[in-house]
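Chemist: Protein chains in written order, with this note's numbering: chain R, 1 to 278; chain U, 1 to 278.
Keep in mind the hints are simulated off the structure, nothing from the lab. Since we're looking at a predicted model, the values are computed, not measured. All C-beta atoms in this analysis are idealised placements derived from N, C-alpha and C, irrespective of residue type, glycine included. Treat the hints with caution; some may be incorrect.
As the list claims (entries may be wrong) - Facing chain R, from chain U, some residues (calculated, C-beta under 8 Å): (1) Gln83; (2) Phe85; (3) Met108; (4) Thr114.
There are 2 protein chains.
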Amino acid sequence: MTLGRTQATSYADKARLPAKPGANPPAVILVEPQLGENIGTTARAMMNCGLNDLRLVDPKEDWLSEKARGASSGADAILEKAQKFTKVEDAIADLECVYATTARRREMVKTVMTARAAAGDMRTRGAAAQRLGLLFGRERIGLTNHELGLANVLVEVPMNPEHSSLNLAQAVLVVGYEWFQAGYDGPDAVTTYNKTMPVTKELLQELFDHLEEELDLCGFLRNDEKRPSMVVNIRNMLQRAELTVQEVRTLHGIIKELRYGRREDRPKRQPGYKVDKV
Amino acid sequence: MTLGRTQATSYADKARLPAKPGANPPAVILVEPQLGENIGTTARAMMNCGLNDLRLVDPKEDWLSEKARGASSGADAILEKAQKFTKVEDAIADLECVYATTARRREMVKTVMTARAAAGDMRTRGAAAQRLGLLFGRERIGLTNHELGLANVLVEVPMNPEHSSLNLAQAVLVVGYEWFQAGYDGPDAVTTYNKTMPVTKELLQELFDHLEEELDLCGFLRNDEKRPSMVVNIRNMLQRAELTVQEVRTLHGIIKELRYGRREDRPKRQPGYKVDKV
């Protein structure tokens, strides 16, 4: 595992990995979006990522149509608050740093960042209270060189070079997702314990003792030469399972019952029967 | 800027940020997908991320319909190679580690990773030649507890807790995107230089000298007390722009021409006119 941080949450932790959008989310500026449906799916992706300021430059379809609202899957609030502009210059006038997404390089001197690097840059600038914007181009032809000249930084998403094109909402989702992750300060992994907890080494040793006693009695460990390595292998297997207190109890029960196998003389099961008392 | 690595590429670098999918991509297993269109958009997202092994457990619509193919935007090859199974157990039989995506926690003892942590884990296991799978549930109800019991690890995507639901293809895109990024070894940012290069400090000093000489002559720097700090401020502004050789030439030209302003006695412009000779 390559986890930077891991954290065990005790008992019944049913919450999701904690996440909060964070301060100063960038505005999303769509230049001449062709389809209301794409504006709707963009709004949905924005809401997934904690973005809320949608700006539309000369949209070609109504962004409050039933189709657009349906595609937004409940992100109507973002559509209703969306602002319309006639020029990119007006849509970004109040912003201080603008990132333009591009699928291909242009003949210009410009810094190009990955979406992840841009997300870190946005968080740094956002922490300094800068007002930020993400500029997305037309579905088919993207942004013009004139429009790129209005941006501070270009953003590229590293993708399979043989099939790198993302649709509009997917591009917004990936860049917004990276912005959200850059502010995520929860654990990389948790183990959920449902009303139980990890077993202590003392309780695990009791399980080893119980199992090995029965394995000696039934003859599984009869080879004295091999016995030490067989015991270590079985213990390693049980260590790797990272057992809980409840699971160790279950395994004690399995060992107690299993030792009778299918023999005719195995104890009869009655309600309230305790195998310990036999 | 929070970049881990930056790299300047010299001259005309028109290539994209270098990216390659990498070895041992995980299979994508969709459990009872309802819509052919969703299978198509999943195939598109897979191809974006360098994934190619699609497995369908009891799909409810044809994944080779015109609708599915259209939604795949050119990822037909993945649809055509997709395998159909009747049970999840059969679909994952040849795999060694399975990651199941979930939107909500269950009453079970299980490790839950973020998509990013799972991507790192997949790369570690993939480097050891393990065969991996990503299990995605039904569009509306996800995976059953029985199905989660077949997986090694659960994966959650940290998203805005007030609107965290992703559609099927978006979930595949985000998890696949993270897998792709975990194998990305290109630079976080590059500056593209179109047949030019960053200016040396010697050439920049010549620009400072030229500008400050003209600013002394025109009277802009006439306040002796303020002159030193004004000069430092102007130099800082020009440093921050990270000028290229071509841009410094352009600025020399602007200074030479601008000193004549709108005055009646400014030199007449002729073809081949060189301001230096005036």
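Chemist: Evaluate each hint against the coordinates.
Modeler: Outcome of the hint check:
| no. | hint | verdict |
| --- | --- | --- |
| 1 | Gln83 | violated (21 Å) |
| 2 | Phe85 | violated (25 Å) |
| 3 | Met108 | holds (6 Å) |
| 4 | Thr114 | holds (5 Å) |
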